[in-house]
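2 protein chains.
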Amino acid sequence: MSLQSEALQTIPARQGKAVRIAKDQQIRVINTHGAQVLDTWAVSAADTREYMSMEHTRSINSRWAIQTGLVFVSTRRRPMLTVIADTTPGAHDTLLCACSIEIYRELGVTGYHDNCEDNLHAALRDAGLTLPVTPAPLNLFMNIPIDADGSIRREPPSSRPGDAITFRAEMDLWMIFSACPQDITIINGAERKPTDAHFSRSAIPA
Amino acid sequence: MSLQSEALQTIPARQGKAVRIAKDQQIRVINTHGAQVLDTWAVSAADTREYMSMEHTRSINSRWAIQTGLVFVSTRRRPMLTVIADTTPGAHDTLLCACSIEIYRELGVTGYHDNCEDNLHAALRDAGLTLPVTPAPLNLFMNIPIDADGSIRREPPSSRPGDAITFRAEMDLWMIFSACPQDITIINGAERKPTDAHFSRSAIPA
Numbered sequence: 001m002s003l004q005s006e007a008l009q010t011i012p013a014r015q016g017k018a019v020r021i022a023k024d025q026q027i028r029v030i031n032t033h034g035a036q037v038l039d040t041w042a043v044s045a046a047d048t049r050e051y052m053s054m055e056h057t058r059s060i061n062s063r064w065a066i067q068t069g070l071v072f073v074s075t076r077r078r079p080m081l082t083v084i085a086d087t088t089p090g091a092h093d094t095l096l097c098a099c100s101i102e103i104y105r106e107l108g109v110t111g112y113h114d115n116c117e118d119n120l121h122a123a124l125r126d127a128g129l130t131l132p133v134t135p136a137p138l139n140l141f142m143n144i145p146i147d148a149d150g151s152i153r154r155e156p157p158s159s160r161p162g163d164a165i166t167f168r169a170e171m172d173l174w175m176i177f178s179a180c181p182q183d184i185t186i187i188n189g190a191e192r193k194p195t196d197a198h199f200s201r202s203a204i205p206a
Numbered sequence: 001m002s003l004q005s006e007a008l009q010t011i012p013a014r015q016g017k018a019v020r021i022a023k024d025q026q027i028r029v030i031n032t033h034g035a036q037v038l039d040t041w042a043v044s045a046a047d048t049r050e051y052m053s054m055e056h057t058r059s060i061n062s063r064w065a066i067q068t069g070l071v072f073v074s075t076r077r078r079p080m081l082t083v084i085a086d087t088t089p090g091a092h093d094t095l096l097c098a099c100s101i102e103i104y105r106e107l108g109v110t111g112y113h114d115n116c117e118d119n120l121h122a123a124l125r126d127a128g129l130t131l132p133v134t135p136a137p138l139n140l141f142m143n144i145p146i147d148a149d150g151s152i153r154r155e156p157p158s159s160r161p162g163d164a165i166t167f168r169a170e171m172d173l174w175m176i177f178s179a180c181p182q183d184i185t186i187i188n189g190a191e192r193k194p195t196d197a198h199f200s201r202s203a204i205p206a
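Residue numbers (this note's numbering), protein chains in the order written: chain A, 1 to 206; chain B, 1 to 206.
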């Protein structure tokens with residue numbers, strides 16, 4: 001990142017945050033403690049009806065897995081985010097839904113439980129935005145090996161403290177992060193302890 | 001199917017069709033000519049804000065591939081459709097988007113081209129329904145092998161003429177089919193010739 005990068009910003013444990021990013025600006029997303037999944041969405045700043053699509057991204061790249069250089073596209077097939085660096089071993093998920101209150105019910109929770117779906121919509125509201133649906137998320141740092149027999153496994157993140165993935169924005173957009181509050185399964189690490197994560201944006205290009 | 005099944009209904013080549021199905025009713029979806037992909041959606045009859053979700057279905061089944069017995073769930077994690085029989089070799093896709101006008105632009109088409117996204121919304125309109133988005137489809141008979149290196153391939157359907165997949169509805173719902181109009185790639189077979197497909201519903205349970 002350039003010397004003009006902003007100070008580290010916090011994505012608080014169990015919470016969501018909407019972040020404005022200009023075209024050509026970069027954002028470095030840091031797994032500060034190493035085992036925190038970040039459910040991630042992107043929405044066009046010009047028109048919230050256009051948002052980042054996992055199914056169009058898999059289609060246009062002919063890939064189900066992420067790698068450096070991969071371009072995430074919108075529901076209208078326009079480039080939104082390019083992966084320009086990734087210090088993790090590469091485990092990120094594009095296949096699974098955000099956690100929601102129904103999932104915590106399935107896990108036996110009877111009262112309210114923080115969840116990525118509600119975090120998305122709360123963060124959008126804070127930014128003055130709304131979406132009529134919960135799009136399929138990009139689950140940064142989430143380790144979901146898939147098997148040839150058609151099954152999916154859930155493993156703790158393979159990232160280490162300080163590992164980061166860096167994106168360049170290809171249009172003016174909002175990114176929305178949710179520091180996943182899952183504390184029942186081992187998806188946020190064997191300690192089942194959701195933590196803060198951080199990000200830093202480069203200066204807005206002139 | 002029982003003797004009470006209706007006569008075969010047609011899903012016309014290149015077009016969409018919305019079909020009402022009652023809880024516990026069965027529908028047999030037939031690849032009449034063997035190589036036709038059907039993009040497929042399901043929407044709750046009680047509330048169109050609840051619709052079939054590929055990302056929740058992969059999550060709740062811990063599977064990216066389909067098999068007999070698999071239950072497709074909604075955005076609210078409720079069962080919508082159960083696969084009760086499948087005479088194909090099993091190749092159906094849950095990973096890729098519906099084709100849209102932008103995809104035909106990428107393929108060099110300059111004028112209008114029929115596409116599954118527009119077919120979905122036209123079929124919904126004919127049924128008096130609307131959706132604010134195009135959900136990720138279940139692509140019946142679409143043959144998308146996935147590789148351990150993270151890539152996805154596109155192959156012609158492996159189904160044979162008359163192969164069929166049968167579902168039981170787990171709630172009152174609409175199914176929407178689009179006989180995919182893709183005639184540039186080999187996704188609907190090497191002949192690149194979209195065809196009709198058919199379905200038949202069992203009697204509505206008493």
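Since the hints were derived computationally from the structure, they do not count as laboratory data.
Check each hint, because a few of them may be wrong.
Claimed, not checked - Okay, the calculated bits of chain B under chain A, using three or more residues with CB under 8 Å as the criterion:
| # | segment |
| --- | --- |
| 1 | 58 to 72 |
| 2 | 148 to 161 |
| 3 | 173 to 185 |
| 4 | 188 to 201 |
All residues carry an ideal CB built from backbone N, CA and C; glycine is no exception.
So, going through the hints one by one against the coordinates:
| no. | hint | in the structure |
| --- | --- | --- |
| 1 | 58 to 72 | holds (count 9) |
| 2 | 148 to 161 | holds (count 7) |
| 3 | 173 to 185 | violated (count 0) |
| 4 | 188 to 201 | violated (count 0) |
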